[in-house]
Amino acid sequence: MFDIFFSPETLSSTIRMSVPLVLACLAGLWSERSGIVDIGLEGKMLAAAFTAAAAGFYFQSPWLAVLSAIAVSILFSMIHGYASINQRGNQVVSGVAINMLAAGLAVVLGNEWFKEGGRTPPLPAEAKFPVFYMPGFDAIQSIPGIGPYLNIVSGHSVLVYLAFLLVPVTAWALASTRFGLRLRAVGENPHAVDTAGISVSLLRYQAVIIAGLLCGLAGTYLSVALQGSFVRDMSAGRGFMALAALIFANWRAWPALWACLLFGYLQAVGLRMQGVKVANVEIPVQFINMLPYVMTVVLLAGFIGKSIPPRASGIPYTKDR
Amino acid sequence: MTAKGELPRWVDIGVIPLLNLLLALVATSVIFLLIRENPIECLAIMLKGAVGSLKGWSYLLYYATNFIFTGLCVAVAFHAGLFNIGGEGQAYFAGLGAAIVGLNLEFLPWPIVIPLAILASILFGAFWGFVPGYLQAKRGSHIVITTIMFNFIASSLMVYLINYWFRPVGKMAVESREVTGAYIMTFREIARQFFDYRLPASPLNLTVFLALIVAWAVWYFLWRTKPGYELRAVGLNSEAAVYAGIKPDRIIMIAMAISGGLAGLVAVNEVLGAQHRLLLEYVQGAGFVGIAVALMGRNHPMGIVLAAMLFGLLYQGGTELSFAKAHINRDMVVVIQGLIILFMGALEQAFRPALTAFFFRPED
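The listed protein sequences derive, respectively, from chains F and Z. Throughout the first sequence, residue numbering follows this note's numbering, covering 1 to 321 in sequence. Throughout the second sequence, residue numbering follows this note's numbering, covering 322 to 685 in sequence.
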């Protein structure tokens with residue numbers, strides 16, 4: 001049973017399971033670094049997953065699917081932005097509302113359009129994303145011992161490579177560009193940014209829109225690439241796991257990647273463990289399903305301690321009069 | 322006299338929530354139009370289904386019983402400055418306590434076993450709330466994330482337990498056998514047995530009175546006792562509370578345990594009162610409704626009782642709507658719930674500037 005932990009299938013599955021977490025975690029990173037707490041990652045991802053599956057089926061094109069998903073996800077972001085930035089409402093409450101709205105709407109609209117109780121029809125091959133194979137794939141794959149491990153880095157949907165590319169892009173953009181610097185400043189000390197004559201609201205809206213875009217990608221990956229259709233509640237807590245990864249990573253892009261890979265690995269191992277026997281006793285599937293959530297709790301409780309959120313996160317900005 | 326810039330109390334607790342609710346209804350209507358339905362007709366079906374008959378009312382109150390418990394659960398945590406999204410899991414886990422006592426202590430007379438089963442429900446719910454509270458207070462884990470994770474954990478754990486522990490051998494349905502000892506009677510059964518009178522079929526049971534008593538008890542606890550005062554002090558300003566000799570860590574754990582215990586009372590209404598057995602997913606989202614109920618009721622027990630009735634109306638109406646219109650499923654209720662949380666929670670200040678301008682025009 002121990003080959004499960006390091007088999008090429010598990011490692012390759014780790015990459016695939018990590019992608020929605022990485023994208024959602026980066027979304028949370030952008031949003032929270034600007035001072036907007038985003039509990040609604042889950043809902044945005046779910047809304048995007050539904051939109052992508054529905055639009056993908058309608059247009060028979062993955063590209064129109066992802067564009068529609070991003071548009072819907074950004075729409076939800078804007079609601080959250082309006083509530084948190086203009087109305088100075090409670091950001092956690094707004095996020096909870098978005099999660100419910102997305103979960104309910106996806107099923108109600110899905111049932112109305114496809115009459116399958118909230119599911120969408122399976123997507124045909126032409127509505128899926130192209131798969132990338134690295135050069136020389138066939139030659140290396142035939143080498144015994146090494147060949148199977150090639151599937152870890154090769155043969156994934158293009159969205160996978162985009163997701164992992166976005167990690168260094170985010171790290172660089174936040175650390176080394178003027179926009180990134182201002183964005184981080186607005187999450188730490190919005191008054192200072194305001195005094196410098198830069199609009200706090202505009203910066204925060206930009207961050208929230210970027211978060212929407214990334215959640216759109218995450219949702220598209222879930223329904224179009226990973227599953228091939230939309231099923232109700234398919235995000236299954238990934239948005240919250242991404243938030244946990246973000247806390248665990250202390251709100252930085254590279255550590256967030258490692259945290260997400262860890263969670264992805266746990267999910268991958270969980271998938272492979274179904275039906276596996278330890279000392280002749282089958283591990284109940286419910287315990288395997290529980291594993292990522294238990295690990296999230298354990299990791300949050302045991303390993304952080306010095307995790308410091310952006311100082312102004314969750315606090316609405318009020319201009320002094 | 323109210324201070325300048327401050328709205329009169331009746332506007333604050335009356336007009337603003339009503340305007341926000343109206344806005345949520347307008348948004349709901351848009352969704353109905355989106356699925357090509359007449360919103361007025363749909364809302365009328367919902368209203369008639371919930372308050373147009375004795376059966377509708379009894380279901381409304383049955384749902385409201387659950388929502389009073391979960392609403393109080395969210396409110397108590399809120400007063401301590403905590404956002405407990407885990408009511409769902411706490412209520413589900415509490416079913417374990419109700420079932421263990423209810424199924425194993427049947428030989429005891431009902432005046433003993435019913436209080437014991439209620440107590441077990443409270444304790445199991447409290448435990449499922451206390452652990453995230455402990456992790457927040459002592460380990461700095463974020464309460465929102467932990468309670469959400471505990472919802473997922475409870476969900477898997479209960480599937481396992483009901484399937485492998487509680488399901489009688491040979492039974493197909495994944496549920497426990499009937500709880501006969503700790504049996505809380507429904508009004509229908511009482512009417513038939515003691516008054517020889519027929520009431521429409523409904524799961525409404527005596528727990529509804531417990532809900533009202535508990536609502537009063539929570540009010541008394543929060544505003545009339547020392548620990549309640551300390552809890553609110555921590556919620557308002559935990560740093561200031563430290564200087565008053567209050568230990569926020571302790572209060573966080575106590576508040577979460579009480580909060581979880583309140584959610585646990587849902588098990589009394591469901592496992593002991595309505596279903597008389599432990600069912601899969603019997604909480605059915607009541608934990609999340611509690612968030613909306615607490616927001617709408619302004620975290621005050623009186624408001625929560627009223628808001629819980631409104632959501633009872635929404636749930637019963639939604640069920641009737643899904644019967645009347647085949648293509649609308651019950652998830653429409655979740656959408657409406659989301660809109661209510663959005664407009665009454667996150668966007669609650671939307672009308673305030675306009676109302677303030679309206680009320681203070683003459684003086685300015």
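One thing to keep in mind: the hints can contain errors.
Heads up, incomplete: computed chain Z residues facing chain F, CB under 8 Å, no partners named [unchecked claim]: (1) F404; (2) I406; (3) L437; (4) L440; (5) L456; (6) R460; (7) M470; (8) Y481; (9) L616; (10) F644; (11) A645; (12) H648; (13) D652; (14) V656.
In case anyone wonders, no lab produced these hints; they're calculated from the structure. All residues carry an ideal CB built from backbone N, CA and C; glycine is no exception.
Next item on the list: Tell me, in ascending order, the numbers of any earlier hints that this structure violates.
Entry: 3, 4, 10, 11
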